[in-house]
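Undergrad: Each chain, letter by letter, is given below.
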Amino acid sequence: MASDEARKIAMGLHPLERKVLPHLKDSGLLSDLAIESKLQDVEATRALQWLEGKACVKLESVEEDVLAVTEKGKQAFLNGLPEEHALWALQRQKEVLVDDLKNILPAYDKDATGAVIGALKRLHVPFGTTKDGKPKFTWVDGLVLDEPLAKRALAAAGKTEWKLRLAKLDERTKLGVQDLLKRQGYAALLKRRDKKYVLTPLGKDVTKTKEATTAYEERLTPQMLSDGSWRKKKFRPYNVAINVPKKTGGKAHFVNDAIADIKRVWLDMGFEEMEGDHVQTAFWDLDALFVPQDHPAREMQDTFYLANPEKGVLPKEVLPAVKAAHEHGGTTGSLGWRAPFNDEESAKLLLRTHTTVLSAHTLDAIRQGKAKMPGKYFSVSTIYRNEALDWKHLFELHQVEGIVVDESANFQHLKGYLRAFFGKMGFSDVRIRPAHFPYTEPSAEVDVWDDARNCWVELGGAGIFRPEVTKTLIGKEIPVLAWGIGMERTIMRHYQLDDIRVLYNNDLEQLKNMKTWMR
Amino acid sequence: MPTISISKKELLKTLGKRLSDDQLKDRIGMLGTALEGIENDDIHVEIFPNRPDLLSQQGFSRALASFIGAKPGLQEYKVKKSGKKVIVDKSVEECRPHTRCAIVTKLKINDEKLKEIIQIQEKLHVTFGRNRKRAAIGIYPMEHIAFPITFKGLKPADVKFQPLEAKKAMTAQEILEAHPKGKDYASLVAGLSRYACFLDAKGNIMSFTPIINSELTGKITEKTTEVFIECSGFDERILEECLAMIVTAFADMGGEISSVELEYPTKKVTSPVLEPRKMKADVKYINTLLGLDLNEKTVKTLFEKMGYGYEKGVVSIPAYRTDILHQADFAEDIAIAYGFEHIPEILPNVATIAREAPFEIFAAKVRERLVGHGLLEVKNYHLISKELQTKRMNLELDVITLKSSVSEGYDSLRAWLTPSLVDTLGRNKRHEYPQTIFEIGKVFTKSREKTETGVNEMFRIAAAVSGEEADYTRIRQLLDSLFASFGVTPTYKETEHASFIPGRVARVSVAGVDVAYCGELDPKVLDANKLGMPTAVFELNLTVLYDVLRKKA
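From first to last, the protein sequence lines stand for chains A and B.
For any residue, its number in this note's numbering is found by taking its place in the first sequence, counting from 1, and adding 1431.
For any residue, its number in this note's numbering is found by taking its place in the second sequence, counting from 1, and adding 12.
It is worth saying that the hints were derived from the structure and are not from the lab.
Quick caveat, the model's predicted, so the values are computed rather than measured.
Heads up, some of the hints might be wrong.
As the list claims (entries may be wrong) - Computed list of chain A residues with no C-beta within reach of chain B, every gap over 12 Å:
| hint | residue |
| --- | --- |
| 1 | F1666 |
| 2 | P1740 |
| 3 | R1884 |
As the list claims (entries may be wrong) - Incomplete in silico selection of chain A near chain B, CB under 7 Å:
| hint | residue |
| --- | --- |
| 4 | F1735 |
| 5 | L1928 |
| 6 | D1930 |
Unchecked claim - Computed cross-link-like contacts, BS3-like style, restricted to lysine-lysine with a CA-CA straight-line distance of at most 27 Å:
| hint | chain 1 | residue 1 | chain 2 | residue 2 |
| --- | --- | --- | --- | --- |
| 7 | B | K292 | A | K1907 |
| 8 | B | K441 | A | K1742 |
| 9 | A | K1801 | B | K462 |
| 10 | A | K1907 | B | K296 |
| 11 | B | K462 | A | K1943 |
| 12 | A | K1635 | A | K1594 |
| 13 | A | K1943 | B | K454 |
| 14 | B | K292 | A | K1946 |
| 15 | A | K1590 | A | K1641 |
Yeah, the Cβ is synthetic: ideal placement off N, Cα and C, and Gly gets one too.
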């Protein structure tokens, strides 16, 4: 009586396993089993490996000698051995000069003359000389043309795809193998890897179960469903724990996934998305934000300026106020930079160096009544820095930035917003330290607590826009709270990447396998 | 951002207190500077560009001593009259019109101090001096100088002296071409017909500013006890500020500051001026901005912690503080003195309504459609090589170029997306085929209308199918499906496009507006990009399609 375990195994057998099962002996070779069960070697191998996984057989690797017949050997089998050609010629011509042998020999082995002479002599074909002293063989009737042993071995090999296993040959074939090996280039001796299986007691039990021979269905078919035959069928249980081949689908780029997610944080907090051009005049990108015209960051080695087109148009309405703020503070109550403001410098076209330029446009829109106040605005968008591409620098980055335009806002609110924002970003604690940005006063560096590394990590910047910016653009001094983070650094920390270039490598395998961004 | 080295021993001596490294790190951070690290006696501190006065051992120690309460309040600096003169000749007007000078005596210079002096000069040159363009500093031992000194614009041919680190006298031209400092700063005097030089009473050239000093007047050494200091440049206020930062640091080393009379052709100036600047403090403004309710007594204490003087609503700003333009700057310093960490947090209740940019919502839907078809999204840079988007696409195109790009091969803004996809496919040849990818992004073209920037920025989507089976049908199926999902019917018309196989490219329009190309890439293009697989592409203008869809709706 088979055990429950054996029955359970038998029920779940794969069709390939079912095919080998009736042919399993107490032990045997994989290659034999393949032949007996009429399976490809790979199929039989898989079946045995699965059975091994179920403890039904034990497998061990063995090596066996195999004669591998070459192309020349195959030709010899199909067209006749060289000595056969010689004998056929002798039978036809009754006499063959040794010198002529090379003309008689088959094309595949013209160099066999010496071997053929030996073979004819061993057959006792009369050997003499002509009158002028040339060596020759002479035909005698009654010479029996037995099947040469070499040909017997070739024939055997031909049945097993020209690979002859030497383990189980009869004596004559063995002699044939030796003959073949003596010849130049007819065959070679190889070691072939095989597997030896030994049936375990459990395996033996499995072969004896009823379930081992029961017909299980592999697939449920539409036919079975339409004719109702499924009612009488049994379906093979699968091993559901086994791995299946990998499949990858279409996917959004992981950086865009992260952008969408970070945007959600802002939207959850009631912020409105800002949009705008990548190409800006220095006026909007820098001057409107009170960056002095001789600020080092404006130099060509830090900022991408356009060569063609080179200059943009300055906004007539707000230019005078910005210019005044720079030169003497204008109506802002500031001293200003006390240096002449250069319109030409301001008209230069550049690739925006920060998304704060979008905030500048938004403040301008508020003055014009095109944007709301109080209002909260954000963007997660591309900025440019004239950097050489290396493992920690990109020339295109994403900046995450938000502003709050609210007449009653103050520094305490900024701290409150920062805790709310970074809390939603997944950080358990946040703190600020004094810092400097040209367009905010006060300015702060934002550190977040890194739970994994147990330390503070600098992640962003924050501040309140300078009056030289707000009074000029909005037309009224409103405290504008602003903060932002660099997105690439956040993503790199999340994915624990070391090389920033990996973000935009677009290696398709990497993109397929990238983990889904989760906050 | 510049980093300076501070001697911990000297710093603690100035502070008059023992602070642990952790306490130092905390206080330095909360002062508005950043501790980079401590190595033995060296403390490395990062200084923000608004505080050039902190770029020296002395300036930094002074601020920290005040901040931790060891030496609060305004530090007064006495200036004696030396009676010595510097004549500013009219000829400098056309090259480097201004200077401010001072003398410091009774110095005791050791190896440590020498390093500090070099650091002050170097750091100020690079930052506040904008690499010597805005302000150049010269410091000379007094022993070889005869007063009065003349600041004069010499004809280049008349400039000949032995510069520091040279073995013999050199002409201006030789200095600019062969001397290391000359080569570094030659661009600052390029095209000038006169070179600004300081000459002493004997007519010896002391320096050719902003390039190099003379070996004859020499360098500061440990034997130096008296120095002459000059700053030269274009803006008198900037030079005054620069000089104030230097002389106060020298005074903190133990020196005595003496003034010099500058004789301009039309005016006389006594230099340096270390009188604190007076500015009224608007306590209400400061309180409102910070959300605090500080009384005047507290405000006075806080101002003093930051090194200011405060009497009856008037703040005395030290001459070396160049960054105070507005009450907002006071507010920041008050916040720093109060401690950012002590300011309460409030999350205000302001009702605003969130709004995602409508186009972004549309783009997200488009992305979802293509991902649904099993396409992988890629993300390339907006900067691309001009060659890739024109020559390698078998196309001539007027693209927007950049003046200079540090990253080689990224010299233009992309005018279309397909080159980015072609490039991506070219870099993924080792991976499994077929490869189906898409990208959504901005493209940049010159505007025909007069706009603020003259550049048109449009969002597009491009998709590519690459592999043995890639053909027009496969790519068009994707495009058709995308249109269908938005309920629009496209029209496909035969067209010519140099990047595509003739006869296998369509111009696609929706509601009479051209929106896309769709076709099989020309083998010339595949070959130029080393792509070994047939590749079919569509490129669709999403900005235009979005407008069409909105009009329809």
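Undergrad: Next, verify each hint and record whether it holds.
TA: Now for the hints, and whether the structure bears them out:
no.	hint	result
1	F1666	holds (30 Å)
2	P1740	violated (4 Å)
3	R1884	holds (17 Å)
4	F1735	holds (5 Å)
5	L1928	violated (15 Å)
6	D1930	violated (15 Å)
7	B/K292 / A/K1907	holds (21 Å)
8	B/K441 / A/K1742	violated (41 Å)
9	A/K1801 / B/K462	holds (22 Å)
10	A/K1907 / B/K296	holds (17 Å)
11	B/K462 / A/K1943	violated (44 Å)
12	A/K1635 / A/K1594	violated (32 Å)
13	A/K1943 / B/K454	holds (24 Å)
14	B/K292 / A/K1946	violated (58 Å)
15	A/K1590 / A/K1641	violated (36 Å)
The structure does not agree with the numbered hints 2, 5, 6, 8, 11, 12, 14 and 15 stated previously, though it agrees with the rest.
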